[in-house]
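These protein sequence lines map, in sequence, to chains E and Y.
Numbering-wise (my numbering), the first sequence opens with residue 3 and increments by one.
Numbering-wise (my numbering), the second sequence opens with residue 9 and increments by one.
Simulated from the structure, these hints should not be mistaken for laboratory data.
It is possible that some hints are incorrect.
Just some of the chain Y residues that point at chain E, by a computed CB distance under 7 Å [as the list claims (entries may be wrong)]:
hint : residue
1    : 42
2    : 44
3    : 52
4    : 53
5    : 123
6    : 127
7    : 153
8    : 154
9    : 158
10   : 238
11   : 298
Built from N, CA and C at the ideal position, the CB exists for glycine as well.
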Amino acid sequence: MNKRKETLTALLFASPWFVGFTVFLLYPIIASIYLSFCDYSVLRPAVFIGLQNYSDLINDSIFKQALSNTVIYTAAALPLGLVVSLGLAMLLNTKVKGLAFYRTLFYMPSLVPLVALAILMQFIFNGQYGVLNSLLREFLPFVHGKSWPPNWLGDPRFSKLVLIFISAWGAGNAMVIYLAGLQDVPVQLYEAAQLDGAGWCSTTRNVTIPMISPVILFNLVMGIIGTLQVFTLPYVISNQGSPMRSIYFYTMYLFDNAFVYHKMGYACAMGWILFIIILLLTLLSFKLSEKHVHYGS
Amino acid sequence: MTTQTAIKNKKSKGKLSGPKYPWLVHTVLILVSIVMIFPLVWLLSTSLKGNQQAMMIPPEWIPHPVLWSNYPRAITYESKELGFIPFLVYGRNTLIIAILTVSGTVFSNSLVAYAFARLKWPGRDLLFTLTLATMMIPFPVLMVPTFILFQKLHWIGTFRPLWVPAWFGGAFNIFLLRQFLMTIPLELSEAAKMDGCSEWTIYRDIIMPLAKPSLAVVALFTFMGVWNDFLGPLIYLTNQNTFTLSLWLASYSSQNGGTEYGLLMAASTLIVAPIIILFFFTQKLLVQGIAVTGLKG
Numbered sequence: 003m004n005k006r007k008e009t010l011t012a013l014l015f016a017s018p019w020f021v022g023f024t025v026f027l028l029y030p031i032i033a034s035i036y037l038s039f040c041d042y043s044v045l046r047p048a049v050f051i052g053l054q055n056y057s058d059l060i061n062d063s064i065f066k067q068a069l070s071n072t073v074i075y076t077a078a079a080l081p082l083g084l085v086v087s088l089g090l091a092m093l094l095n096t097k098v099k100g101l102a103f104y105r106t107l108f109y110m111p112s113l114v115p116l117v118a119l120a121i122l123m124q125f126i127f128n129g130q131y132g133v134l135n136s137l138l139r140e141f142l143p144f145v146h147g148k149s150w151p152p153n154w155l156g157d158p159r160f161s162k163l164v165l166i167f168i169s170a171w172g173a174g175n176a177m178v179i180y181l182a183g184l185q186d187v188p189v190q191l192y193e194a195a196q197l198d199g200a201g202w203c204s205t206t207r208n209v210t211i212p213m214i215s216p217v218i219l220f221n222l223v224m225g226i227i228g229t230l231q232v233f234t235l236p237y238v239i240s241n242q243g244s245p246m247r248s249i250y251f252y253t254m255y256l257f258d259n260a261f262v263y264h265k266m267g268y269a270c271a272m273g274w275i276l277f278i279i280i281l282l283l284t285l286l287s288f289k290l291s292e293k294h295v296h297y298g299s
Numbered sequence: 009m010t011t012q013t014a015i016k017n018k019k020s021k022g023k024l025s026g027p028k029y030p031w032l033v034h035t036v037l038i039l040v041s042i043v044m045i046f047p048l049v050w051l052l053s054t055s056l057k058g059n060q061q062a063m064m065i066p067p068e069w070i071p072h073p074v075l076w077s078n079y080p081r082a083i084t085y086e087s088k089e090l091g092f093i094p095f096l097v098y099g100r101n102t103l104i105i106a107i108l109t110v111s112g113t114v115f116s117n118s119l120v121a122y123a124f125a126r127l128k129w130p131g132r133d134l135l136f137t138l139t140l141a142t143m144m145i146p147f148p149v150l151m152v153p154t155f156i157l158f159q160k161l162h163w164i165g166t167f168r169p170l171w172v173p174a175w176f177g178g179a180f181n182i183f184l185l186r187q188f189l190m191t192i193p194l195e196l197s198e199a200a201k202m203d204g205c206s207e208w209t210i211y212r213d214i215i216m217p218l219a220k221p222s223l224a225v226v227a228l229f230t231f232m233g234v235w236n237d238f239l240g241p242l243i244y245l246t247n248q249n250t251f252t253l254s255l256w257l258a259s260y261s262s263q264n265g266g267t268e269y270g271l272l273m274a275a276s277t278l279i280v281a282p283i284i285i286l287f288f289f290t291q292k293l294l295v296q297g298i299a300v301t302g303l304k305g
């Protein structure tokens with residue numbers, strides 16, 4: 003009797019999540035799976051077409067371009083972000099004066115709303131009036147060339163690079179997580195390493211990195227999920243991923259299919275392919291980390 | 009944070025002996041600081057320039073003369089055509105959505121996290137694992153069916169698609185609050201139960217007051233999320249008078265991109281500034297909150 007009452011109370015407390023889970027997760031997931039096998043344009047009822055959407059995607063050159071853009075971007079931005087944020091955190095963990103000040107400063111860029119960030123960066127990287135090119139002309143007057151200084155966001159060779167740089171500028175968030183992890187490493191380990199005569203390199207490799215490896219794994223997995231879905235920054239910064247769709251990313255094409263071309267089924271199929279990619283990469287990260295990630299007691 | 013980790017932190021505070029080359033560390037820190045802060049300084053500086061000044065080569069570092077009029081112009085831009093002052097209306101819209109979303113998020117997730125952290129019921133741990141797993145589902149998968157659902161409810165063009173789901177819990181916040189609630193000793197609840205308190209009274213009068221810091225972290229993250237959100241409003245807000253600030257800034261820039269940089273930067277500053285100010289007042293809480301999300305994973 004008492005136990006039943008207890009369970010009932012607990013279920014009442016959890017009830018918002020049961021509703022939310024059913025309505026905003028389970029239903030959309032099932033609907034999305036079904037729609038991915040349908041031709042559906044909102045105006046007319048959905049027609050079941052089997053695997054047509056998926057086989058169309060394989061032959062869709064824009065899809066392939068968006069996918070390869072996203073993979074290239076992720077392959078560069080993700081490791082860069084991990085290294086930069088870890089590097090900054092390690093710098094701040096060296097007992098220097100003014101830690102709180104620098105931490106605030108490094109964290110601030112990741113607070114800037116993405117739309118504002120996109121507009122600001124558009125201006126800074128502008129080929130004609132951008133302050134970056136003004137600086138390049140001033141400090142490197144001896145460099146000459148046909149495309150120097152580059153028209154950053156207008157040149158398909160550089161546009162991805164700009165976005166990768168901007169993403170590293172927002173490394174503050176991961177940095178704060180690393181910093182907390184670093185401050186949790188027991189001091190005795192460092193003392194022992196020092197007694198053994200270990201230098202900075204070997205201390206980092208043998209003490210620091212293994213001790214914070216769960217944090218690295220966390221940032222890696224969150225990074226995979228977030229980076230593959232990149233949308234707002236390239237959407238606002240470019241016109242349809244121009245130049246030459248060089249910054250046209252997966253979620254942008256998915257969005258356009260859904261809400262511009264009204265190919266809802268096609269968009270759902272794209273969503274599931276993205277999910278499978280994320281799932282495989284996450285599982286791979288966990289698998290590879292088994293050997294290297296070190297969980298304390 | 010528990011007392012245990014607090015003690016651990018205190019112990020390890022003195023862990024690293026000062027850096028071997030403090031000047032080297034400081035040089036790197038200062039260089040990174042410049043890279044991190046420069047775009048924000050440039051944003052502010054440009055927002056106080058006229059069109060000619062903004063595009064000057066070489067750039068004018070400190071605006072001379074300082075042009076304040078960009079701000080009133082940005083705030084009232086196109087107010088005649090629209091029949092209202094855009095910045096005020098869009099600011100109000102953003103705040104309405106933010107208040108409804110933040111209160112829903114705090115209320116629903118604290119209830120659900122309470123059930124997961126402090127109550128015993130069959131299937132609890134399995135459901136919690138499932139909840140965590142749902143974090144891996146990318147938003148693009150759910151985008152289309154959720155849109156169709158809200159369309160059937162005739163909610164497109166209203167604020168409802170943006171805030172109603174917040175009242176039904178979300179995996180990330182459930183996880184964050186659960187981790188915190190688990191650190192409060194269970195004896196506290198048991199003693200209250202002995203005194204004849206109902207579970208609801210324990211939740212409301214004992215546990216929630218203790219959980220205030222973590223609730224504040226959730227509220228802050230949520231507020232920043234709403235302020236920053238672009239994709240949600242882009243999908244659901246179809247009438248111009250229901251726009252949010254992010255949406256306004258993006259549409260404003262796509263209409264006026266490449267012209268009137270001073271005005272555009274003033275508008276961006278108006279959207280960046282509240283977040284930065286909020287950050288300065290809540291810094292400690294936020295930094296702790298971010299650290300907890302990564303460490304207790």
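Hint check results:
Interface restraint check for residue 42/Y: the shortest CB-CB distance to chain E comes to about 10 Å, outside 7 Å, so the restraint is violated. Of the supplied interface hints, the one on residue 44/Y holds, with its beta-carbon coming within about 5 Å of a beta-carbon of chain E, less than 7 Å. For the restraint placing residue 52/Y at the interface with chain E, the shortest Cβ-Cβ distance is roughly 10 Å, beyond the 7 Å limit, so the hint is violated. A cut of 7 Å between beta carbons decides the hint on residue 53/Y: the least distance to chain E is about 9 Å, and the hint is violated.
Given the 7 Å rule on beta carbons, the hint for residue 123/Y holds: about 4 Å separates it from the nearest Cβ of chain E. For residue 127/Y, the interface hint holds, since its Cβ comes within 7 Å of a Cβ in chain E; the closest pair sits about 4 Å apart. Against a cut-off of 7 Å between C-beta atoms, the interface hint on residue 153/Y holds, since the closest Cβ of chain E lies about 4 Å away. Given hint, residue 154/Y at the interface with chain E, holds; its Cβ is 5 Å from that chain's nearest Cβ, closer than 7 Å.
For the restraint placing residue 158/Y at the interface with chain E, the shortest Cβ-Cβ distance is roughly 10 Å, beyond the 7 Å limit, so the hint is violated. The interface hint given for residue 238/Y is met, as the beta carbon of that residue sits about 5 Å from the closest beta carbon of chain E, less than 7 Å. Restraint check, residue 298/Y versus chain E: the minimum CB separation of about 5 Å is within 7 Å; hint holds.
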